[in-house]
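Chemist: Okay, here's what each chain looks like letter by letter:
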Amino acid sequence: GAVVSQHPSWVICKSGTSVKIECRSLDFQATTMFWYRQFPKQSLMLMATSNEGSKATYEQGVEKDKFLINHASLTLSTLTVTSAHPEDSSFYICSASGGPAVRGYFGPGTRLTVT
Amino acid sequence: GQQVMQIPQYQHVQEGEDFTTYCNSSTTLSNIQWYKQRPGGHPVFLIQLVKSGEVKKQKRLTFQFGEAKKNSSLHITATQTTDVGTYFCAVPEYNQGGKLIFGQGTELSVKP
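Residue numbers (our numbering), protein chains in the order written: chain A, 1 to 115; chain H, 1 to 112.
Looking at chain A on its own, in the form it has when it is part of the complex:
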């Protein structure tokens, strides 16, 4: 149990366009979802925390107007990268808490390439 999916698994978009990434908890209700970003050869950096039905909390240095997070239900959170630029190219990973164990469950990640 405690499966988290992400869609799409990879996406290539042109500079200036927006991209939406979905994170779903398939078999449990995720009270909180976390969005991480990982650049090549680097660690995971937390971007924001989203709670169902409330505004996301962003980490210092993360632009909330650029990375829009919506946690509309207990099983779905979305991250929209608005007006994407090449420097936004990264591996975006979500984590959902609320599963059977007291820890987060990670999705498989979305690899974004902005050309």
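Any given hint could turn out to be false.
[Unchecked claim] Below, computed lysine-lysine pairings styled on DSS-like, alpha-carbon distance capped at 25 Å:
{"no.": "1", "chain 1": "H", "residue 1": "K36", "chain 2": "A", "residue 2": "K41"}
{"no.": "2", "chain 1": "H", "residue 1": "K111", "chain 2": "H", "residue 2": "K51"}
{"no.": "3", "chain 1": "H", "residue 1": "K111", "chain 2": "H", "residue 2": "K59"}
{"no.": "4", "chain 1": "A", "residue 1": "K41", "chain 2": "H", "residue 2": "K111"}
{"no.": "5", "chain 1": "A", "residue 1": "K55", "chain 2": "A", "residue 2": "K66"}
{"no.": "6", "chain 1": "H", "residue 1": "K56", "chain 2": "H", "residue 2": "K70"}
Since the hints were made in silico from the structure, they are not lab data.
Since the structure of chain A is provided, determine the placement of chain H on it from the hints.
Modeler: Positioned in the frame of chain A, the structure of chain H alone reads:
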């Protein structure tokens, strides 16, 4: 905020040699988690340590949590090529349930 230091950054070993990565925190931790990320993949949960001085084993992997709950280690005995990847420790941000702060990771390469 919470920080955790992980060393070494890279480790290259010959197949059959042992490998260890270490994580240290300046503050007492409620728990520490370990993840493995294969090249091109996503982090996969390995284990969570909660108790002071805890030692857990998974086949050739041995995980330890320090007595003061400020440090932890992951030791792999007799590495194999399948062990290749980056190993991360992760600790919860204080009073921010579920929010994890990741160590810098140790990239392990194994030469056959």
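Chemist: CA of H:K36 to CA of A:K41, is that 25 Å or under?
Modeler: Distance of about 14 Å is within 25 Å: holds.
Chemist: So if I understand the rule, the pair passes when the alpha-carbon distance is 25 Å or less; does A:K55 with A:K66 pass?
Modeler: 14 Å, holds
Chemist: Please work out if H:K111 and H:K51 have their alpha carbons no farther apart than 25 Å.
Modeler: Given pair H:K111, H:K51 is violated - Cα atoms ~35 Å apart, limit 25 Å.
Chemist: Does H:K59 lie within 25 Å of H:K111 when you go C-alpha to C-alpha?
Modeler: 21 Å, holds
Chemist: Holds or violated: H:K56 with H:K70, Cα cutoff 25 Å?
Modeler: Answer holds: H:K56 to H:K70 is near 17 Å, not above 25 Å.
Chemist: For the pair supplied as a hint, A:K41 and H:K111, confirm whether the alpha-carbon distance does not exceed 25 Å.
Modeler: The given pair, whose Cα atoms are some 19 Å apart, holds under the 25 Å limit.
In the structure shown, a violation is registered for the earlier hint numbered 2 alone.
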